[in-house]
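Participant: So the sequence lines, in the order shown, correspond to chains A and B.
The opening position of the first sequence corresponds to residue 1 in this note's numbering, with each subsequent residue numbered one higher.
The opening position of the second sequence corresponds to residue 1 in this note's numbering, with each subsequent residue numbered one higher.
The set of hints was computed from the structure by calculation and includes no laboratory data.
Errors might be hidden in some of the hints.
Treat identical chains as interchangeable: a pair holds within one or across any two.
To be verified - With a straight-line cut-off of 25 Å between C-alpha atoms, the simulated PhoX-like cross-links for lysine-lysine are: (1) K90 / K66; (2) K188 / K120; (3) K130 / K108; (4) K90 / K250; (5) K152 / K171; (6) K104 / K116.
Bear in mind that the values here come from a model prediction, so they are computed numbers and not experimental data.
There are 2 protein chains.
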Amino acid sequence: MCDDELMDIELLMIGNEILIGKTQDTNSNWMAKRITKFGHKIKRITTIGDEVDIISSTLQDILKRKPDIIITSGGIGPTFDDMTLTGIAKGLNRELELNQHAYKAIKKTYERAYEKGLLKLEGMTKEREKMAFLPQGSTPLPNTVGTAPGVKIIEGNTTIFILPGVPAEMKAIFRNVIIPILKQKKGKFIEKGFRFSGIGESHIAAYTSELEDKFPQLWIKTHPRIGLSVEVEVSITAFNIKNGEELVDKVLNEIREIVIKLKGKIKER
Amino acid sequence: MCDDELMDIELLMIGNEILIGKTQDTNSNWMAKRITKFGHKIKRITTIGDEVDIISSTLQDILKRKPDIIITSGGIGPTFDDMTLTGIAKGLNRELELNQHAYKAIKKTYERAYEKGLLKLEGMTKEREKMAFLPQGSTPLPNTVGTAPGVKIIEGNTTIFILPGVPAEMKAIFRNVIIPILKQKKGKFIEKGFRFSGIGESHIAAYTSELEDKFPQLWIKTHPRIGLSVEVEVSITAFNIKNGEELVDKVLNEIREIVIKLKGKIKER
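The whole structure should be built from the sequences, with the hints applied where relevant.
Facilitator: Following this line, the structure appears as structure tokens:
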């Protein structure tokens with residue numbers, strides 16, 4: 001396998017609240033960690049305000065660099081200052097049109113919220129309808145924790161994912177839709193581990209998170225097991241399998257040494 | 001006064017560690033808060049990796065948008081992967097040349113660190129010298145808390161500030177060099193306040209920070225004063241003086257109401 005299978009990804013964060021310093025953008029960091037773990041690469045993160053022309057021209061600039069994936073976050077809610085869908089449609093030279101799937105999903109979400117007493121206003125308003133007007137050729141992506149659906153659009157060789165700015169909603173759609181794609185196009189997934197006893201999971205937590213910081217391409221997981229033992233698993237999505245296995249072995253050895261130093265007992269699995 | 005006096009500012013954050021999700025960029029948020037407070041506007045934040053060609057072409061793209069100020073952060077340290085100065089020089093079509101002021105400042109910092117026993121290696125190395133090679137026409141900006149000096153470069157009508165990525169170093173240079181410029185070009189500074197007693201500073205802290213979140217263009221400060229009273233000051237840098245005064249008065253009234261609700265006693269100053 002070679003590096004050609006790595007996907008180049010650009011993030012486009014949209015929101016005046018970030019530019020004025022009111023909101024610390026943590027979404028891009030959350031996405032960056034996962035994109036890196038699955039062996040892909042963020043080439044650029046661009047943060048702009050809620051302005052149609054700026055969103056449109058910035059999207060066109062990003063498309064010129066031909067990334068495999070563009071992920072946007074923010075500006076798809078019901079309020080008047082949410083400009084992302086209009087800006088993206090303009091940038092792609094497509095019309096906004098009422099998407100029936102999105103309309104039904106939004107309607108259902110508001111109906112449920114009303115039935116639960118979470119909303120005073122029943123039914124669809126103009127503001128709520130707005131979220132169902134998507135650029136031509138869009139696929140709506142179910143938002144299981146909010147109302148504004150995400151959107152997927154293919155433009156040339158680039159797939160554009162339009163996600164909400166609310167972290168919980170962004171994360172839900174990212175997990176459901178984008179992680180499977182990151183996995184699918186990834187290199188080989190290598191996972192190895194061992195068990196230990198005598199000390200608990202919490203004793204090595206600080207060490208494993210330090211190792212994760214040092215090797216951001218690795219996942220390090222620990223699970224408590226029956227009989228008071230703890231299982232450690234180190235995994236990587238590697239394009240070069242030999243290098244990937246070597247790194248996993250190296251880090252597993254470091255963890256073994258830590259366990260021994262802390263008077264734990266290694267049990268190979 | 002009119003909006004023409006507002007400065008347009010773009011931030012360029014440089015560092016692979018941000019793109020792979022290892023580091024959460026908090027520098028741009030810190031700068032954004034202060035730029036907003038002094039009445040100016042961040043138009044865009046771009047985050048890229050430590051690659052000469054990408055730094056160079058991104059700088060050229062930003063210059064085409066003619067911001068008044070560009071602030072970069074990251075990639076000016078002594079290590080081989082610090083590419084910012086080379087990338088900026090290339091983007092401006094200028095040579096890197098040894099800057100004597102920067103050289104002397106860096107040398108002095110390392111001498112002091114060595115004398116204090118903080119360093120094993122005495123004198124200038126190739127890596128340390130590297131930080132003194134600046135694009136032609138640069139003005140070095142003293143780094144009072146680290147070694148790599150900041151850099152100021154004028155290109156056309158744009159002033160470029162090149163700052164370190166280490167937050168403490170970035171903040172020191174920003175405070176010493178950039179805040180005075182933000183102040184100088186700003187609108188009128190309006191400040192009003194009152195005193196209260198009976199309750200402490202901490203009682204209203206949650207409320208004032210909520211108000212600061214709601215109105216990011218305001219500063220709200222509280223100071224304990226002699227005789228157990230507390231002084232509240234609300235200030236703004238306003239381009240429209242009437243609107244600025246109205247907002248300050250409105251927020252001061254809200255704080256007065258909070259103080260009264262919490263059984264404090266208002267003492268006008």
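Participant: Within a copy, between copies, both or neither: where do K90 and K250 come within 25 Å Cα-Cα?
Facilitator: neither (50 Å within a copy, 40 Å between copies)
Participant: As a check of your reading, is K188 near K120 (CA-CA no more than 25 Å) within one copy, between copies, both or neither?
Facilitator: neither (51 Å within a copy, 43 Å between copies)
Participant: Please work out whether the CA atoms of K152 and K171 approach to 25 Å or closer within one copy, between two copies, in both situations, or in neither?
Facilitator: within (15 Å within a copy, 40 Å between copies)
Participant: At most 25 Å between alpha carbons: which applies to K90 and K66, within, between, both or neither?
Facilitator: both (18 Å within a copy, 23 Å between copies)
Participant: At 25 Å max between alpha carbons, let me know whether K104 reaches K116 within a copy, between copies, both or neither.
Facilitator: Classified as within: same-chain Cα gap 18 Å, cross-chain 70 Å, threshold 25 Å.
Participant: At 25 Å max between alpha carbons, let me know whether K130 reaches K108 within a copy, between copies, both or neither.
Facilitator: This pair counts as within: shortest intra-copy Cα distance 15 Å, inter-copy 61 Å.
Figure legend: structure checked against the earlier numbered hints; hints not met, in rising order: 2, 4.
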